[in-house]
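Colleague: Listed here are the chains, written in short residue letters.
Protein chains: 2
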Amino acid sequence: MKAVGIVVEYNPFHNGHAYQVEQAKKETGADVVICVMSGNFLQRGEPAIVSKWTRAEMALAGGCDLVFELPFSFATSQADIFAKGAISILEATLCQYLSFGSEQGNIQPFLSTYHGLQKHEIEYNQLLKHYSKEGYSYPKAASLAFQQLQLAIDEEIVDLTKPNNILGFQYIKAIKQQNAKMEPTTIARKNAEFHDEDFNASTIASATSIRKKIFSQEQNIEETFKYMPRTSYDALHSYYKKYGVLHHWERYWPMLQYRLLSSSPAQLREIYEVEEGIEFRLIEASKTSTSFQSFMEAVKTKRYTWTRIQRICLYILIHVSKQSMSHIEEAEYLRLLGMSSKGRVYLNQHKGEFKLPLISKVSEKNRESLALDLKATRIYALAANSPQQQQLLKLDFSQPPIIYDKR
Amino acid sequence: MKAVGIVVEYNPFHNGHAYQVEQAKKETGADVVICVMSGNFLQRGEPAIVSKWTRAEMALAGGCDLVFELPFSFATSQADIFAKGAISILEATLCQYLSFGSEQGNIQPFLSTYHGLQKHEIEYNQLLKHYSKEGYSYPKAASLAFQQLQLAIDEEIVDLTKPNNILGFQYIKAIKQQNAKMEPTTIARKNAEFHDEDFNASTIASATSIRKKIFSQEQNIEETFKYMPRTSYDALHSYYKKYGVLHHWERYWPMLQYRLLSSSPAQLREIYEVEEGIEFRLIEASKTSTSFQSFMEAVKTKRYTWTRIQRICLYILIHVSKQSMSHIEEAEYLRLLGMSSKGRVYLNQHKGEFKLPLISKVSEKNRESLALDLKATRIYALAANSPQQQQLLKLDFSQPPIIYDKR
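Protein chains in written order, with the numbering used here: chain A, 628 to 1034; chain B, 628 to 1034.
To be clear, the hints were calculated from the coordinates, so they are not data collected in a lab.
Possibly wrong hints are sitting among the right ones.
A pair holds if it fits inside one copy or across any two, identical chains being indistinguishable in the list.
Mimicking BS3-like on lysine-lysine, the simulated pairs with C-alpha atoms at most 30 Å apart in a straight line are [to be verified]:
no.	residue 1	residue 2
1	Lys868	Lys988
2	Lys746	Lys767
3	Lys927	Lys1002
4	Lys949	Lys914
5	Lys914	Lys1002
6	Lys1021	Lys982
7	Lys789	Lys800
8	Lys800	Lys767
9	Lys969	Lys767
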């Protein structure tokens, strides 16, 4: 059986995602789709709207066959670490292909970009340092360095000043660096201009705009109906009904504020990514802010992107020390969240060859390596009120991998 | 001018307290009453119902002339440390008398108890160790050791198995150990059997029972009217009106729970008083408890008194390390919370001779030594909702000592 791997957040799973899953299979001729999905917290440093279990369910209903959790340490990190973790999991599960979405849908420019930058590495790093010193944020400095450098590369390359291209580029880089055997491919993203019988402008919306709709109008889930597969919409609805909450940062604001107001600057400096004196800004802003939104606005500067600050806040909330995040290169386990019947067949055929230990249940043996994921889940649960909170709290222990065979 | 010192919590100030202030002055012939009062958190490891500023106001309206804050490190500690801090402040402000409440109202038995125990110190410590080893809580073991020992002492002594006598005894001990010059005296406590024109059974109730009334019936403050001086009642009422909250542990439960669920056992062991593996019990109970009350009930064992656990919870909430609480012997500053016009005269006459630095305003210079008190205030404020929370948060900086001259 041949597998294609995809890297996803599904926050939540929508029609655009369903299209990607379908295309990934069609274009590669793979039998199964393996997805590595962020857990309860995401790459932009924010909580997922519903738990990883419900999002795994959406993924399976939407055409995925195996869902593995991207551990917290990768899932919430900047693009290069995120990509390293994801690729190492897909490689460990023997994916023959990696498929990711991009604007142009052509893999060659991504490969050329990688080789071009490899060739001009020293020059690139010098430029990056130069722009960083001038006070630009890391993404901005990287983008400026790239802009200057791209003139020196002959071939068609991708524009790394566009955030959408950065992850694709990092996947290629991780594949090369890890000597992974999978072949990378890319699918042109659906957007509002794209016309298709099932997926047209009126049914495609980004996850961001879906969440915006949900959170702007007092959790008006109904409004998002047409942008999601029915299964996804139902899962979102029943999560809200069951746990009484859809997760977003404001729910965690009292905890973040409490943490900031009970920590000294020195204690905050022990937290991953807290540096350059931002700890003082964070503490001061926490005294006067009345919401997460107003807090973020008070902290924001030219030097720090919104995402970077949000990620720092997440590390403070989860209490992730610099020490615990050192040496992150590749994943160390495969946490299985769910499978379709076809996924199950793949698993049974191949798990003997998997290059990392498979975890389908938390036990004394694996508890230590899962520690950070388990902690993240505990804190994620605190957004709900009792008694639903207690149900969410034990989910990592009580929930077996989801088995989906309704297709 | 002669001063009598009293040690108080005023949680809240009630008719029994007003009687004590009056008697302390009358019996010692002092011109002013200096009180050293716990800040926002109290000796039983709980938040004060209203902030230290409002309680200082109650104290001044109730007859006190100077109110100093007993720093957090003393105010929330066990009886011996609590007493050491309080006595050192009263001594530093040149009190000629200490007056405290007791059942029998006679100082001699307290002095005899101190001398008796001094004489039999080794024996007492052996007995204490013996009972502790048998698994009794510290207070219980101390009480059993005392019971056995008291037979060996000829004179009339106080019954240290009664919690009410323990503090009085510790005051005497602190006076002797610190070589303090003040003379200790004691006043018989008012209780329901005591008859008096102004203070009779129907107007005397303990602070505990007053808080019970307030918190049991959806914050029914009206019910407590007859047990408090009008000034006290009004202050309580206007605090609630202004900040929308009367403080109690349940308000801090989400923060405590979050702290427990984001800490490892090793991190909890760094907290003052966390020992003997109680960290594991605390973490486990925090996963299943839906309120502070149910959490406490889940943690409680024969070995730990309710107060001891509550105090541990407070140290975890405020994030007080073992290191920061080592070497607590005597107070290092006099934080002035308020004064009457007579108190002001006393201050002006005597402050030159005060044995500790007087702080009436937080400044860069004293910020470091006040750090723990300031942190406690920040977290205390989080019980209120925004925007009142922000007002409470800055109170330690914006509020000058209260000046009361309505008498």
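Colleague: Decide, hint by hint, whether the structure agrees.
Modeller: To see whether the hints hold, each was checked on the structure:
1. For the identical chains of this complex, Lys868 and Lys988 are intra-copy neighbours only, at 26 Å inside a copy versus 51 Å across copies, given an alpha-carbon limit of 30 Å.
2. In this homomeric assembly, Lys746 and Lys767 come within 30 Å of each other (Cα to Cα) only inside a single copy, at 22 Å, whereas the closest approach across copies is 76 Å.
3. When the C-alpha separation of Lys927 and Lys1002 is checked against a cutoff of 30 Å, the pair qualifies both within a copy, at 27 Å, and between copies, at 25 Å.
4. Both within a single protomer and between protomers do Lys949 and Lys914 lie at most 30 Å apart by alpha-carbon distance, with minima of 25 Å and 26 Å respectively.
5. Taking the shortest alpha-carbon separations for Lys914 and Lys1002, both the intra-copy value of 26 Å and the inter-copy value of 12 Å come in at or below 30 Å.
6. Proximity of Lys1021 to Lys982 under the C-alpha cut-off of 30 Å is restricted to the intra-copy arrangement: shortest distance 29 Å within a copy versus 56 Å between copies.
7. Taking identical chains as interchangeable, the C-alpha atoms of Lys789 and Lys800 lie at most 30 Å apart only when both belong to the same chain, with a minimum of 17 Å there against 73 Å between chains.
8. Taking the shortest Cα distances, Lys800 and Lys767 sit within 30 Å of each other inside one copy (20 Å), while across copies they are farther apart (66 Å).
9. For a Cα distance limit of 30 Å, the shortest separation of Lys969 from Lys767 qualifies neither inside one copy, at 44 Å, nor across copies, at 65 Å.
Comparing the model with each earlier hint shows a violation of hint 9 alone; every other hint is respected.
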